[in-house]
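So the protein lines, in turn, are chains A and B. Residue numbers for the first sequence follow the UniProt record's numbering, beginning at 1 and rising by one. Residue numbers for the second sequence follow the UniProt record's numbering, beginning at 1 and rising by one.
If you're looking for bench data, these hints aren't it; they were derived computationally from the structure. Careful: at least some of the hints might be erroneous.
As the list claims (entries may be wrong) - DSS-like mimics (lysine-lysine), calculated; alpha carbons at most 25 angstroms apart, straight line: (1) A:K52 with A:K123; (2) A:K88 with A:K100; (3) B:K123 with A:K175; (4) A:K123 with B:K175; (5) B:K52 with B:K100; (6) B:K97 with B:K123.
2 protein chains.
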Amino acid sequence: MTPPSDPLTPERILEATEDVLRRYGPAKATVVDVARALGVSHGSVYRHFRTKAALREAVTGRWLTRTELALTEILHASAQPAPAKLRKWLETLFEAKRHKAGDDPELFATYEVLMGESTVIEKHIRELVGQLREMIEEGVTEGQFAVDDPAAAAQAVFDATARFHDPAYAADWQKPAIAAEFTAVTDLLLRGLRA
Amino acid sequence: MTPPSDPLTPERILEATEDVLRRYGPAKATVVDVARALGVSHGSVYRHFRTKAALREAVTGRWLTRTELALTEILHASAQPAPAKLRKWLETLFEAKRHKAGDDPELFATYEVLMGESTVIEKHIRELVGQLREMIEEGVTEGQFAVDDPAAAAQAVFDATARFHDPAYAADWQKPAIAAEFTAVTDLLLRGLRA
Chain A
1 MTPPSDPLTP
11 ERILEATEDV
21 LRRYGPAKAT
31 VVDVARALGV
41 SHGSVYRHFR
51 TKAALREAVT
61 GRWLTRTELA
71 LTEILHASAQ
81 PAPAKLRKWL
91 ETLFEAKRHK
101 AGDDPELFAT
111 YEVLMGESTV
121 IEKHIRELVG
131 QLREMIEEGV
141 TEGQFAVDDP
151 AAAAQAVFDA
161 TARFHDPAYA
171 ADWQKPAIAA
181 EFTAVTDLLL
191 RGLRA
Chain B
1 MTPPSDPLTP
11 ERILEATEDV
21 LRRYGPAKAT
31 VVDVARALGV
41 SHGSVYRHFR
51 TKAALREAVT
61 GRWLTRTELA
71 LTEILHASAQ
81 PAPAKLRKWL
91 ETLFEAKRHK
101 AGDDPELFAT
111 YEVLMGESTV
121 IEKHIRELVG
131 QLREMIEEGV
141 TEGQFAVDDP
151 AAAAQAVFDA
161 TARFHDPAYA
171 ADWQKPAIAA
181 EFTAVTDLLL
191 RGLRA
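Isolated chain A (complex conformation) (with noise of 0.2 angstroms):
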């Protein structure tokens, strides 16, 4: 075993991990064949990921973050009003996922597999419901919004789009009438948030 030309970080594990996943399904993966593929022992792993079960976490933790992060640059960044913003925030996150299901369907079914083994999804969630809620309290404020409690109307939003978010279906995201079908409820769900 040759020692690896670039220092090994949580990062390259992750990567690493990733790619066997893909390869070998979620079923099967193991550390052992993560380390294989860094070229190097287990017990590196394991010195950055104590258990096989928090390497799992870790990968799947990336995955989400990397979706919250382009959400939160809508969120800081633009400078549109509440509801062209919160617009734009649904839009893209149903790209978001859209493109994870269509480009990579094999990585999409293993991450929903992982999904069921760890709490990530839950503080996924949170994070994106706390985001509309930022939105819909921009939007009180600007006059736009007429919201009692927006931390429900952040969950009802949440909950309402549910079709263009959860993975549940996501072999409905590649039909002809979905664009026309969320531009439809995106626009209902705006309405009622006016003021």
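Starting from the known structure of chain A, arrange chain B on it as the hints suggest.
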């Protein structure tokens, strides 16, 4: 084999099929099991339902029709204004699905498998979206709703409430928070339809 005392009606066959499905599960239940439960030959069953697939489709259709009938009643019997009627209709749909899932989980799981094999679910969804459209059109006539495209709005209301009728979410329907979530989504949608 003793001849049955009652005439062998399609309804009796469908009832027996539901029992057999509940007992053996969808993978194992056969037409012979249904015939045995009724004390008739399997030929007698086939005289009413020409294939096993036709029998399974009929039993699924009957199961879905029960929900449709309760909803049709609200649609036609109620003298309430459209917004109240639409809310009542959504509550009834959610209650019907939740009871089916909660009272008899094996049978519910069985129907989920059967629906995957059949096109009756598409007919069911068309029926439900059609009823929603009727209520939205009523609301427009009454001046309660302002909607340009009632068909698209009906589909949007159906899509946005998926969490409260799609069997994919059945596990969430027994959670305490679900009632408040249902109310928040319904309020938001009704506000979105409002003139």
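Tell me, which hint numbers fail for this structure? none
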